[in-house]
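Following the hints, complete the assembly by docking chain B onto the known chain A.
If you read the sequences in order, they're chains A and B.
Numbering that gives the first Met the number 0 puts the first sequence at residues 0 to 349.
Numbering that gives the first Met the number 0 puts the second sequence at residues 0 to 319.
Among the hints, erroneous ones may be present.
[What the hints assert, rightly or not] These stretches of chain B come out as covered by chain A in the derived footprint (C-beta under 8 Å, 3 or more residues):
hint, segment
1, 111-125
2, 201-214
3, 267-276
4, 306-313
[As the list claims (entries may be wrong)] Label pairs and their computed distance ranges (CB to CB):
hint, chain 1, residue 1, chain 2, residue 2, range
5, A, 37, B, 160, 37 to 43 Å
6, B, 314, A, 234, 55 to 61 Å
7, B, 313, A, 333, 30 to 36 Å
Think of the hints as simulated: they come from the structure by calculation, not from any bench.
Note that the structure is a prediction, hence the values are computed from the model and not measured.
Cβ atoms here follow ideal geometry from the backbone N, Cα and C, with glycine treated the same way.
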Amino acid sequence: MSAAGRTRLVLRTTRPALSVALDVRALGVAAGLTLLAVAAAVAGIAWGGADLPLADVVRSLTVGADGGTDLIVRDLQAPRAAMALLVGAGFGLAGGVFQSVLRNPLASPDVVGVAQGASLAGVTGLLIGVSYGISMLLAGAGALAATAVCVEIAPRRETLTLVLVGIGIAALCGAGVSFLLTVGDVSVTTRALIWLVGDLNGTDWPAVRATALAAMVLVPAVALLARRLDVLALGDDVAGGLGAVASRDRVLLLGLAAAVVGACVAACGPIGFAAFLAPQIGRRLAGTSSAASLPACAAAGAAVVAVADLIGRRLGAPGELPVGIVTAALGGLVFVVLLFAEQRRRVRGS
Amino acid sequence: MLIAAVALGVVVLSVLLGSGSIGPGRALDALLHPGRHPDDLDTLEQLRFPRTGVAVAVGAALGASGVLLQALTRNPVADPSVLGISAGASLAVVLAIVVLGVSGSAAFTPFALVGGAVVGVVAWVVAGGARGGTVGLALAGAALAALCAAATQALTVLDAATLDQFRFWLVGTVAGRQWSTLLGAAPVLALGAVVALLVAPALNTLALGDDTARGLGQDVGRVQLATGAAALLLAAGAVAVVGPIAFVGLVAAHVARLTIGADLRWQLAVAALLGVSFLVGGDVLGRIVVPPREIPVGVVSPMIGVPVFLWLVARRRVVA
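Okay, chain A solo, but in the shape it has when bound (with noise of 0.2 Å):
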């Protein structure tokens, strides 16, 4: 919070009456991020499956190559990646504000029912045999129902009631998870574990533009509640002596986040612990864990969507990994590297 070394830029502005404070290092981050984050999206159409050479697919993307690359590119790859960077920065800011609010790194959205509740929506559409869109918009609800059902549930909505109870609501709809997988038919059951892990193949425009649409009504509503986080860090008394009323903004806060999560998990599945890597990689690259560093965490989880997706599609060739597994597999390592962390401070005595 102190600005002890951090440098600033001040935007001012008279029409409109605006006057923001930037860190440079976060949106430093962020952009870098970001480039990472194409470039990553751009070799994955190019590198993962279509086996095209880079500059082709450059070319296609900008000016217009040949008939069949573009068709490739623009029609098939190209909304697969516009996809995952959408989806990775929604997940990666819905982590960064979730991880916020709830005070903890590992309070994540994968963690605390909102993926959990998304799952067995969208389970239970496949199954009951209603179209893909369907089951996609009943698991955007159910990331809203699970969040809904903690707030109300949490007693005097604090922390870390919501932590537990939201704790509560993943077991819950995990165990309804699991025997709804049993009690499918293979064919169906098969589609439901590969949606389960993310899935970003078979993605169209229609798509890209509904989640887009989705972005630009929700991304600006958390920019403009974001400074609401840093008050709440404070603390929930000096956030009342500040004027805040601490319950209700977590509620909105996390709300916002659970819409964000909502919309990506329709648009492509959980993609597992996307949510909690990307504010972990983003807030140690910039340096704070305030609101300013939002825009590096959705930048982080952009680029760490794009890379597994490519990490996924390499590996995986001739067929390919589930974006959902590499993130997993990431998520493990920065596991271990939490543990590292937290010995190295035990042993330290603080």
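Structure of chain B alone, referenced to chain A:
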């Protein structure tokens, strides 16, 4: 005592009721007059007796494990599933199935032990040990459990053929379990029970706090090790036989504490009985709710256990 009576009653129900065609009347008749209905008796012996027996053993193991873990971590939400031990154990078993092609609970057990131990310890350390508090530990366990679940799902997708047969096991179920399945894990379960019984008297002293216990002459490190080992043996053995079943230990331990008070020796015994009631009862419920289908007990137990858990949180019984 009431609880023992309930446990016994539930066990009897488990033998009498079921999703099959042998209703309670026929079952009772077959049991009381063995000569009259040899076929029915055969079915009972092959399906319901072993199933009930397995559920009794596993229920007791999970209930006791819950008390041991809560005593060890001094954390009211500790339980093999909340700490991720069950998830780690099942991941290890799935890995063993896919990579080494093992099968049978006797072979599963060592992998379950290793997997459960690794995840449990990692959760403890990442949560910051005793500093982590209730929520820190629950969160670390949940995060690791989610990770293990993701890994298990990944393996299921990658090797669908092998794992199709284990889809049911992954849910956690006593359906179709035979005496042989139980025997495979029996050494581990028995060892865990013995260690638990041996360490039980020391638990009350441990509950006073590390420093006080040391001041009273206890070798705290050794007691903690023994408690952890017992809890792990019981939990891993249970997972090896029936797959991961969640929240049994948590509910059993809390109800035991509420009914019998603070003496951990009694809590251990009562939690074991409550675990039996809970698991066998859950299994019976799963059998009679939607005949002829069955709901696996691994699905029923969170459905009952999570609301109880949430109620505990809401009532602020879980001190953060």
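Query raised in the report: Counting residues of the segment 306-313 of chain B whose CB is closer than 8 Å to a CB in chain A, do you get three or more?
Result: Coverage by chain A holds for the segment 306-313 of chain B (4 residues, Cβ < 8 Å).
Query raised in the report: Holds or violated: 30 to 36 Å for the Cβ distance of residue 313 of chain B and residue 333 of chain A?
Result: holds (32 Å)
Query raised in the report: Are there three or more residues in the segment 267-276 of chain B whose C-beta lies closer than 8 Å to some C-beta of chain A?
Result: The restraint on the segment 267-276 of chain B is violated, since only 0 of its residues have a Cβ under 8 Å from chain A and three are required.
Requested in this report: Could you tell me whether the CB distance from residue 314 of chain B to residue 234 of chain A stays inside 55 to 61 Å?
Outcome: Violated, at about 25 Å.
Query raised in the report: Is the distance from the Cβ of residue 37 of chain A to the Cβ of residue 160 of chain B consistent with 37 to 43 Å?
Result: Given range 37 to 43 Å: holds, Cβ gap about 39 Å.
Report task. Go check the segment 111-125 of chain B versus chain A for me, would you? Three or more residues, Cβ under 8 Å, otherwise it fails. Result -> holds (count 3)
Query raised in the report: Has the segment 201-214 of chain B got at least three residues whose CB is nearer than 8 Å to a CB belonging to chain A?
Result: violated (count 0)
Checked against the numbered hints listed earlier, the structure breaks hints 2, 3 and 6; every other hint is satisfied.
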